Structures are given as structure tokens and as C-alpha cells.
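K.L.:
Listed below, chain by chain, are the residues.
Protein chains: 2
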Amino acid sequence: MSYYFDNAATTFPKPECVYSYMDTFYREQGGNSGRGQYKLAAAAGKMISETRSSLQILLQCNDKDVIFTPSATIALNMVIQGVMSDTIRTVYITPFEHNAVTRVLYHFAKYQQIVINQLTVTKNFTYDLDSIQAQFEKSKPDMVIISQASNVCGLIAPVLEIFNLAKKYDAVTITDMAQTAGLVPLDVGSELIDFAVFAGHKTLYGPFGIGGFVKKSDCSPRPILFGGTGVESANQNMPEKLPAKYEPGSQNSMAVAGLHAALVWFIQNQNDIRKKENTNHKHLIDLLRQYDFIHIVGPKDRSGCIGVVSCVFDDYSADNIGDVLDGFEIAVRTGLDCSPLAHTFLGTFPAGTVRFSVGYFTKDDDFAKLNEALKYIKENR
Amino acid sequence: MSYYFDNAATTFPKPECVYSYMDTFYREQGGNSGRGQYKLAAAAGKMISETRSSLQILLQCNDKDVIFTPSATIALNMVIQGVMSDTIRTVYITPFEHNAVTRVLYHFAKYQQIVINQLTVTKNFTYDLDSIQAQFEKSKPDMVIISQASNVCGLIAPVLEIFNLAKKYDAVTITDMAQTAGLVPLDVGSELIDFAVFAGHKTLYGPFGIGGFVKKSDCSPRPILFGGTGVESANQNMPEKLPAKYEPGSQNSMAVAGLHAALVWFIQNQNDIRKKENTNHKHLIDLLRQYDFIHIVGPKDRSGCIGVVSCVFDDYSADNIGDVLDGFEIAVRTGLDCSPLAHTFLGTFPAGTVRFSVGYFTKDDDFAKLNEALKYIKENR
Chain Z
642 MSYYFDNAAT TFPKPECVYS YMDTFYREQG GNSGRGQYKL AAAAGKMISE
692 TRSSLQILLQ CNDKDVIFTP SATIALNMVI QGVMSDTIRT VYITPFEHNA
742 VTRVLYHFAK YQQIVINQLT VTKNFTYDLD SIQAQFEKSK PDMVIISQAS
792 NVCGLIAPVL EIFNLAKKYD AVTITDMAQT AGLVPLDVGS ELIDFAVFAG
842 HKTLYGPFGI GGFVKKSDCS PRPILFGGTG VESANQNMPE KLPAKYEPGS
892 QNSMAVAGLH AALVWFIQNQ NDIRKKENTN HKHLIDLLRQ YDFIHIVGPK
942 DRSGCIGVVS CVFDDYSADN IGDVLDGFEI AVRTGLDCSP LAHTFLGTFP
992 AGTVRFSVGY FTKDDDFAKL NEALKYIKEN R
Chain Y
642 MSYYFDNAAT TFPKPECVYS YMDTFYREQG GNSGRGQYKL AAAAGKMISE
692 TRSSLQILLQ CNDKDVIFTP SATIALNMVI QGVMSDTIRT VYITPFEHNA
742 VTRVLYHFAK YQQIVINQLT VTKNFTYDLD SIQAQFEKSK PDMVIISQAS
792 NVCGLIAPVL EIFNLAKKYD AVTITDMAQT AGLVPLDVGS ELIDFAVFAG
842 HKTLYGPFGI GGFVKKSDCS PRPILFGGTG VESANQNMPE KLPAKYEPGS
892 QNSMAVAGLH AALVWFIQNQ NDIRKKENTN HKHLIDLLRQ YDFIHIVGPK
942 DRSGCIGVVS CVFDDYSADN IGDVLDGFEI AVRTGLDCSP LAHTFLGTFP
992 AGTVRFSVGY FTKDDDFAKL NEALKYIKEN R
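Note that the protein sequences, when read in sequence, are chains Z and Y. Numbering (our numbering) for the first sequence: 642 to 1022. Numbering (our numbering) for the second sequence: 642 to 1022.
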């Protein structure tokens, strides 16, 4: 038994249909998609193709290409490394980027190939568009990367407004939707977005093993991973054909099957899912605010945030609190959340925070247990 | 219903324990390993660690590091690209390398950074060690890559014998065990092997989504993929700590769980598994040899081969035969098998072959159906 408040790491549990469809699909149709002309392979190929379409529907990007990768991390590597060139010198990021973005960039920055600037966010957690425009005027953006929401404090960025400014300079625009795909509406089909990266196992409620990116058809990053594609085998370059160009190796059809089921469920219930996550977010905030020794970091007004809430506790380190909560079978994330930049911005570096994150499946029981644990901490301070 | 002869693409079905353990694990313990200090994350972490140990046991390499990647293809990219440097000029490969090797190498060869040579294999399919030694003397090997067995004709390479010659020149040695891990015994612990790459979903009978490489502890390829590791988050380089250095992003604990169950099953039954695969290989060969319009390509003596058998059919293209077999619900692979080099060597490029590959779960029913289909083809020529 576990009371799970770590949905920003991976949503848990998944909808029943995800578990059952994955299991059934893999038992019955576990052939290798795209690697044979037989019915089993064709069935897997059809399911994978349907999954791309579902994603296009959910993310409103019918005219864009959907590329599957084993994870959002690999997708970000493929996009950033694949796009990087001599003409990219000035890269802007938010103060909240995850190591999946910043470590890729640092690989180039440490050899002075690029300069990394942070987009201006005010002390009251507003993306200051005027200041950002001034930043761009002063130092022309070649690439702008925006996590749609912080995995530390939940702050949602005005992706399209910033990309609108960036596109005046023809910057490459990349949004990392690992924490938001499906959950926070965004017109991914917009001309302003070159690349949008998603994780299957987080807000989309699919399994591990499947993520990817959506791209405009005229964006063609160089492949950074090479291998068999089941098409154009005699060609020793990666084929230009999509999605093969970016999908070397056997497709993880089991994980795609899980995402397939998740997307069917998500599209049918999207309003309800977003409403429930919102309600759970409010419930969490209300609960945490009852305790004056708990301090939520980040925006006071949570209306512009997703249900990812980082806190510091008076007198106790994040790890201490994590241990106590674990004693109550409560799962939270403690530390830096792979986002040292965000903690620096929030003033919680290097100690880190206790991060609570809700999902659609967070239940009254979870909140009751959390309340019990927080009461215990209060009484035993 | 399917009669499955495409086990070289992915083994199918899997042992029951793989399906059931994955499902149970993911339902009950689908937390994010290494990304929280709570019990759910710790349980996933422990299971992943046990899986590394099982692999060390099966592959006899207790003193080497096990790195997990989402696929063997990504593992090969990480190893080859990560090792590549200015000092690597001359690379030797077998005539049977898969595009997962050759396309990675071509990325360097096309800019004249490396020269790719093929190890000498005689017309009767013997690796000619004297000739190979002469090749090495003439042009010193900096890197030698050997697929332990061909995914086209099944020929097993004398990996250690060749690496023994290569190590006299301090070459980097890499063996691709995608078609052989567990199935064909190899002392992966040997000092002669720098890197051994494995696929979870093939001969190890695990699921898609998990592969990796085993490396000697003093081999440290540069990471080529960057991202969050849950450790040393403030460090913008990938941590030097293993396995974090090469495992950015959330671990696919569901796939690892599947591999965990597969390895328990494999280690308990390894003699039986190898014997059964061998019997099925013989059964397949005997069946195919009954038809004089079918010509097996590659070694006549199949004792040095795994159960992967490529054929050409009189009067019909590979695709034609694939279609007919599909009508009988028989799954085979047709074409170039992502290995154009091998087909060139075998004289079957560019038309390709019909490839039959057996596994532990190939049944009498499968052979009976195949026989029925081949009879039909014979009678309707």
C-alpha cells in the first residue's frame, strides 16, 4: 500500500485499460512491428499508427509529425543535439529547465559553442514579456526552450507568447511538455512551435518506455542515433522517410500499446481528467496551508500552476521529512528534482524541497493519510 | 493465431512469468526507481539491481559493469559513438554486421574519419584467423566489432579468438550479442572483451524496452545522451558514477521487471533452453531440406550456427513467399533483415531472402503448418 504524491515523477497508478491492454496486446500480438510483412507485424504497425493519430488529436497538431522515442529525455537529446549547428549561438531557456534540457545544452556550452541565457521571470513569478523582448533585442535568440510547466513549483509558462517573440528572430522553438502534455491545453499545431516533446508515462498516463516529439514538417534535425529501420536497408544513412529517420531499432510496441490505451481513455475523459487534477491540486494546497511550519515555494497564486507543489519545512531537512512520510507509506520526492536551476531561482538550492504532486488518481484516502502524517510532524516537532 | 518463425526479430511468445511479473510489478510497484527515497522507488531500485546481477551471472561477467539502455541499438550507439575519437582510424567488422552497427560507423566513415574493413571469412564460412592476423599486421586495428552470430545466416563468430588477435594492437573490442546473449555461451567476463551489447527482447526472452551493454570497468566512453539521473543533480555534466553516467531519464522499470523474470527463468532452465533451440534449429533445417526448390544460404554445416536460416526459393521472390506464408498465418521475415552487408556477402543482395528463425517456444504445430505451406507452394509452382 502506498499513498502516492509523486505523480510528477511518473503517474501512478495508470488507468486499468493501460495495464490490461498492454498485457493482452503483448501476449497476443508481440510480433515485431515494421520488421516483417506478416499479420502480427502489420497489426502492431497499425496500432502504432493509430497511437500517433490519437496524439495528434489530443495535442491538436494533425499537420505535424509524431516521432516516438523511448523517453522524453532521448527526445530532447534528439531535438537539441540534432538541431545544434554553427549558426546556433544564443540559447534562451526558462529558469525552470530540467537536467534533461540543461545537461544537453551544457555539453555544448562548456566548449563555448553556445551561450545560455535565462528568460526573465519576475520575483512574483510572471514571465515578463517586455523584458524578454528586450533580452531578444539585445542578444538575438537562435534557440528558445521552454518547459511548459516547472517540475518543481508547477508554474506554467506562456509558451506561445514567448515563441511569438522568438520567431521574429527565426529562433528554433522547443517546448518540453513532459509535465503537461494533455493536462495543460496548448495549440501544439501552432506555426510558432517547431518541436514539442512529450513523455508517455507522466501526464498522458501511459507506461514507461515511450515518449517522443512532435515536429513541424520542415524541421529536420540531423539524426543522432543510427540503426536498423526496416526500410531502405541498403541505405547506410538513416532514411529520410519519417518516422524511420528518427526511430532506429525495434519499436517498443508494448509501451506504444500502453500509450494507445491511455490516449483513448484520455481523449474520452479529458475534461474530467483536467478538472480532477485541478481539484486535487486545490485540495493539496489547502491541506499544506493548514500547517504554518510548511512553506510552499513558488507562486502564491496557484491558478497558473499545475499540481506540483514544492515545500520547505521549518526545522527539518527535505530528506528528514521524506523519511517520516515514508514511515506513513507516503511517497514524495525530496531534493533537487533533477532541476538545480529551478531551485536556484526559488532560493532552495542546494538543500532542495519536499515535492508533492497529484494526479487524476489521487484519492481522499491519500489526502487523509497525508494530513495524518503532517499532524504527526506538527505534534512531534 | 500465428505460426511464428521470426524469433530473430523478437522472441515470441515470452515465458508466462515475463508477462505476469511485468503486469503485477507495474500495477503494484510502478513508482519511479531512483527518483524518490520512498519504499515504492526503493523496491523498483532493488529489482533493477537484482536484474543487473542476474545478467552478470548468466553472462559470466561478475566483475564488469552492466548498463541498461532502452534497446541494443541505443547501446551500440552509446558504445561506438562514445568510444570514437581521433585515435580511432581503422575499424574492423564482420561481413555480417547489422545496420545498428554499420549505420553508426558510416556516420563517421562518410567524413573519412574512419576506414571500415571486413574481417576475412572464407567462402566456406570460416573466420580465417591467419588471414585476419595478416590484415591486422597490414593495417593496425583500432576498433573491432563482431556480431556473435549473423542475424541473416546464423553463423557464429569465434569472438574471443579474433579479439585475442585484436588486443595485441590494443584495439577496442565490441561484441554485439543481440542474437546470442544467453543462447550461445561466451565468457563475457574475459579481459579480451571491452564491450558486449545485449537485447532484452530477443534470446533473453525479456520484453521490448530494455537492452544494454556490459563493459570493463576501465572502459569509459563519453556519454552521448544527457539528462536527469536522480544523483548529483547540481552537476551539469553527467555524473561519473555508474550506472547513472549512461542511464539518463526515468528507468523503464516495467521492462526491467520483464527482463528480471526472464533471467530467473533463463538461469534455471538454461541447458534446456539451449537444447530446445538446437533441436528446433535441426527440425527446421530438416524440413527445409526436404524441398529441392528451397536453397538455404550460408554454411552447409549448420553446427556452427544459431537457428536463424535464410533461404531463396526457385521462381519466387522473397516477398512472394512471405505473402503466401502469411496466408497460412506463418510469420517470417523477408528482404534484407537490416543487414545489407551480410546479403552482399551471401550473394543475395539486393533481392534478399526468406528468413526463418526458431526459438525455445517453436512447437510441432508450427513445423506442421510450415510443412503444409511448403507443400502447397511445391504443388502450385
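None of these hints come from the bench; they were simulated from the model. Accuracy of the hints is not assured; some may be wrong.
The list makes no distinction among identical chains, and a pair is therefore deemed to hold if it is satisfied within one copy or across any two copies.
To be verified - Lysine-lysine pairs mimicking DSS-like chemistry, simulated, CA-CA at most 25 Å apart: (1) Lys-687 to Lys-808; (2) Lys-680 to Lys-1019; (3) Lys-808 to Lys-857; (4) Lys-857 to Lys-781; (5) Lys-1016 to Lys-680; (6) Lys-1010 to Lys-923; (7) Lys-916 to Lys-764; (8) Lys-680 to Lys-1010; (9) Lys-779 to Lys-917; (10) Lys-680 to Lys-779; (11) Lys-680 to Lys-764.
Quick caveat, the model's predicted, so the values are computed rather than measured.
K.L.:
With reference to the structure, classify each hint as holding or not holding.
P.N.:
Comparing the hints with the structure gives:
For the homomeric pair Lys-687 and Lys-808, neither the shortest alpha-carbon distance inside one copy (36 Å) nor that between copies (47 Å) is at most 25 Å. Within a single copy, Lys-680 and Lys-1019 get their C-alpha atoms only as close as 61 Å, which misses the 25 Å cut-off; across copies the closest is 23 Å, which meets it. When the C-alpha separation of Lys-808 and Lys-857 is checked against a cutoff of 25 Å, the pair qualifies only within one copy, where the shortest distance is 14 Å, while the shortest distance between copies is 47 Å. With identical chains, the CA atoms of Lys-857 and Lys-781 are at most 25 Å apart within one copy only, with a shortest distance of 22 Å there and 46 Å across copies.
In the homo-oligomer, the alpha carbons of Lys-1016 and Lys-680 lie at most 25 Å apart only across protomers (21 Å), although the nearest pairing inside one protomer, at 58 Å, exceeds that limit. Within a single copy, Lys-1010 and Lys-923 get their C-alpha atoms as close as 17 Å, which meets the 25 Å cut-off; across copies the closest is 61 Å, which misses it. Taking identical chains as interchangeable, the C-alpha atoms of Lys-916 and Lys-764 are never at most 25 Å apart, the minima being 29 Å within one chain and 69 Å between chains. Taking identical chains as interchangeable, the C-alpha atoms of Lys-680 and Lys-1010 lie at most 25 Å apart only when they sit on different chains, with a minimum of 16 Å there against 50 Å within one chain.
Neither within a single protomer nor between protomers do Lys-779 and Lys-917 lie at most 25 Å apart by alpha-carbon distance, with minima of 43 Å and 70 Å respectively. Taking the closest pair of Cα atoms, Lys-680 and Lys-779 never come within 25 Å of each other, the shortest separation being 58 Å inside a single copy and 50 Å across copies. Neither within a single protomer nor between protomers do Lys-680 and Lys-764 lie at most 25 Å apart by alpha-carbon distance, with minima of 58 Å and 36 Å respectively.
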